[in-house]
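Given chain A's structure and the hints, the job is docking chain B with the ligand onto it.
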Amino acid sequence: MSTLYAFDYERPTTQADAVRLIQAGGRPLAGGQTLIASMKLHLASPSQLVDLGAIPELVGIRKQGDELVIGAMTCHRDVAESTVVREAIPALAALADLIGDKQIRSMGTIGGSVANNDPAADYPAALLALGATIHTASRKIAADDFFQGLFSTALEEGEIITAIHFPIPQRAAYVKFPQPASLFALIGVFVAQFRKSVRVAVTGGGSGVFRHTAMEAALSRDFSPAAIANVATDVESLSSDLHGSNAYRAHLVSVIAQRAVAGAQG
Amino acid sequence: MGANEFVNKPHIGESVRRVEDARFITGQGNYVDDIVEAGQKYAAFVRSTYPHARLTGVDTSAAEEMPGVIRIFTGKDIAGKCGGLPAGWMIVQVDGAPMKEPQRPFLAIDKVRYVGEPVAMVVADTKEQAQNAIESVMVDYDPLDPVIDVHKAANGPALHAEAPDNRCYKWGIGDKAGVDAAFTKAAHITKIDLINNRMIPNAMEPRAANATFSRATGESTLYTTSQNPHLVRLLMCANILQIPETKLRVVAPDVGGGFGSKINVYPEDVGVVWASRALNCPVKWTAERSESFLSDTHGRDHHTHAEMAMDKDGHFLALRVHSDVNLGAYLATFGPAVPTYMYATLLAGQYKTPQLYAEVDAWFTNTAPVDAYRGAGRPEASYVVERIVTRCGWELGLSQDEIRRRNFITEYPYQTPVAMQYDTGDWPKCLDEANKLAEVDSFDQRRKASEAKGLRRGIGYSSYVEACGMGPSRIVGQLGARAGLYESGEVRVNPTGSVTVFTGTHSHGQGHETAFAQLVAARLGVAIENVEVVHGDTNRIPFGMGTYGSRSLAVGGGAIMKALDKIEEKAKKIAAHLLEASDADIEFENGQLTVKGTDKKISFGEVALAAYVPHNYPLEKLEPGLDETAFFDPPNFTFPGGTYICEVEIDPATGVVTIDRFTCVDDFGVIVNPMLVDGQVHGGVMQGIGQALLEEGVYDQETGQLLTGSFMDYTMPRAINLPNFRIGTVCTPCTSNPIGSKGAGEAGAIGAPPAVINAVLDALKPLGVNDIDMPATPFHVWTAIHNAKA
Ligand SMILES: Cc1cc2nc3c(=O)[nH]c(=O)nc-3n(C[C@H](O)[C@H](O)[C@H](O)COP(=O)(O)OP(=O)(O)OC[C@H]3O[C@@H](n4cnc5c(N)ncnc54)[C@H](O)[C@@H]3O)c2cc1C
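Residue numbers (our numbering), protein chains in the order written: chain A, 1 to 266; chain B, 1 to 790.
You can trust all of the hints, since none of them are fake.
Across the chosen pairs, the derived CB separations fall in these ranges:
id, chain 1, residue 1, chain 2, residue 2, range
1, A, Asp-8, B, Asp-59, 30 to 38 angstroms
2, B, Lys-448, A, Ser-224, 25 to 33 angstroms
3, A, Ala-54, B, Ala-62, 38 to 46 angstroms
4, B, Asp-59, A, Ala-54, 41 to 49 angstroms
5, B, Asp-193, A, Ser-224, 41 to 49 angstroms
6, B, Lys-789, A, Ser-220, 29 to 37 angstroms
Hints are computed from structural coordinates only; laboratory data are not their basis.
All values derive from a computational prediction rather than experimental measurement.
Yeah, the Cβ is synthetic: ideal placement off N, Cα and C, and Gly gets one too.
If we strip away everything but chain A, and leave its shape as in the complex, we get (with noise of 0.2 angstroms):
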């Protein structure tokens, strides 16, 4: 279906009336490369949008402090070529840069893409591994917490996200294999080295990103590629698709882990 069921439309100039509006029962539209696309096959079908675009506040991208701060409404596009991304964390401007196409990457939001966590979308891995905080308008949510797999995550209904901070690693990489037909991930792994410690996110697995343990106490010891070589992957936890297999998923999560810590090596 092309046609969208009617629905009333709204576009609030300030946090509060749209926080105000959604624990109403209206629906957070942000970039709606996600959502418009499922009111068209009638998934969805809310009778009012709270248009998030027009409030100056949940756009933009600044350092503060030793974070990295990315307002929520912030599009894949302005991300990806922000020089203060590229200097911060230029592993999530390359992610950025690797969603979609340019027409998605103009109107999608990472607020849009976290609170959605679609099982095979980049930014969670991203959250994951830099072990970011999602702020929303009544707290503050630890990537570690925030996703639960498959499209759900720790929002309440009427919560919206403001803001995602992110920590700054030494050094951190994506690495994305595509599946063949969406160009969503079939895999991606990122990888993130800090100073005491080493994280390691997996998406595109099946049932939502997750961390690697194994990989991150081996790549603690070691920060090599071979050090992860032999380090296994939970097959059964993978899902099997047209697209691959859960063995086929495994391997290519070893192989894509290995030339993230690779490309994070420079």
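Relative to chain A, chain B with the ligand alone:
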């Protein structure tokens, strides 16, 4: 005029820019969905969500109450009042019995047979209202087990009462006993099993239909996305609606790609005409992309076993082929012909294979109907031949080049053991040229360089031949076609010397408006801008058979050439009168008619004017006007062919196949516009590579649901998947049409897949991989490597 004289004419062989592009790239094309009639109403179709079920009830009452709904039609409304959608070919089985030909009503009556089959049609004031209302139509299904796998079809529940074992036909061609005898003498036999994967065409413009009706005259007009409007009118009038042709006008305006999926008469075409006649208002339907996936005809889907018998030196003695082919749930317009006459007759390939026998079992399954898709039968044939030929070479220790060269046909005309007679060709030359362009000499260096990076490199050959230019009516009639396959052309010279050409072929992206204008400009010396090409409207063009099978220039151009012969002849007579000379002394060159050996001449424009203002004119022996129609029925098919060489690099760690270079050398006979031909080759090769590496229509074996129902799962080729192509041509003019052209529209899709897969296997052989099916996706390649290791 013959090909030899014609090639030297101005504009022939010139890359004239496409005259149609100005309107397309400025958004001024006129597609079916652009057409909005006064009082326009909209249709939407309720489609079966089950692959196989009895229809026990369709309750439209709630939907009828929805806003804007005018009427809802179900199978009950049409049962007994409307004919089924007919198949255009009758196939006679090996035992002499006719194929099984079940009815295909445009709305399901008592059973549904594939997911996406139309069950009811809602007509409403707006498109939104129609689409919203279909969700309120309550359909009761009594589900039956679906038949998805052709190998299990014989034992599955019957789709149609007419075919209890689900077999539409068992058909064969060639000398079975001769083949069996040859196999007993073989020094070596090479065997292969392969699957030609199901394709979903995905033309850029989805299908659409808009029908209007005049109660005053009883006439309907159907605007539809068709490759052959006259055929739609013929089948609709004669078989389905049973009204005279004078009461239906079919217009296929600008159409955005067809690839075979728009040669069919579709249920929705009939539906909008039916509804507009019943409701006395214009009714339009435009497919959503998700409807296209489910309900456009799909392509290919063959499962084949082949065996080649050879002598000790690798000379082919006999080829034996058996294919199980999937026809889908119903016979599409060309459905039965594609896996028989358009397939098995090409199994000789470019080779002297003295004996050949092919047998085809064609099955009904609970999947979308299968019909022609770019190449239609010939890609399936070239895939069998070129895969087994390469394997023969490997088994005998001969290079891909050598095994081909040893078996090439070198003398023409050549009668194959499977009905075709090749008129011209030069296969060794195509192979030589391709080797050069592909820089095969330095392949080993490139292979070593890849290996140094941990990658595998392989090279694959494909020396294809195909049959185009359908096609001799007498022959296709003997083969079961229910229509003739000539083409028509009318050349209307206007009083001031501009020219309007009416063609029975149809352009849906090919560039006929340019190529056909070049023919006229070459022959009559008028400027290309002063030629207008009209196609796609049964009220304007003479009866013709449309565009498919790369037939437009060879057959449609042939008709225009014959009409131009008549125009030239008449122009000479008029000029002879005006110049006071005899007809035989007039020469016609570059738009001037000259008295031989003198400087007495007159321009073609002046002759045209005299024909329409016949004040000084030989009225006693010549009619006024300068307007000629010709029909051209070629004496034979045309046989384009060539050699494609693909070089791939494979990352064994991920299974990713990268095409590093792709070389095509084609013999298309005489080329009118090289740029248009390059475009056809690019598009065809792209689709061939798509089939080989990316695309596959997959149904769930248990549920019968289409798993690749959107671009999220069905991989369309993208520009990033490809290198620049290296393209060359060889020309041996075709002898069966006045232009000498062979057809270029499908070659790429026919030649490319085996070249790609042969290259993939060449790269993977050292890893112990002997076989892989299309599409060679990263997952499939990795699995093949992984299994070979195990
Ligand atoms: C063709 C295509 C290709 C794509 N490829 C990729 C890819 O390769 N990788 C990838 O990661 N993604 C991909 N995407 C998804 C894209 O990144 C989207 O931008 C993203 O998934 C959703 O972001 P959005 O801003 O468009 O959100 P919307 O579609 O507007 O919203 C998505 C959901 O989030 C909710 N929401 C939005 N903003 C907020 C907020 N601030 N707080 C709380 N809830 C909110 C909405 O209510 C909705 O439920 C692709 C999309 C398309 C259409």
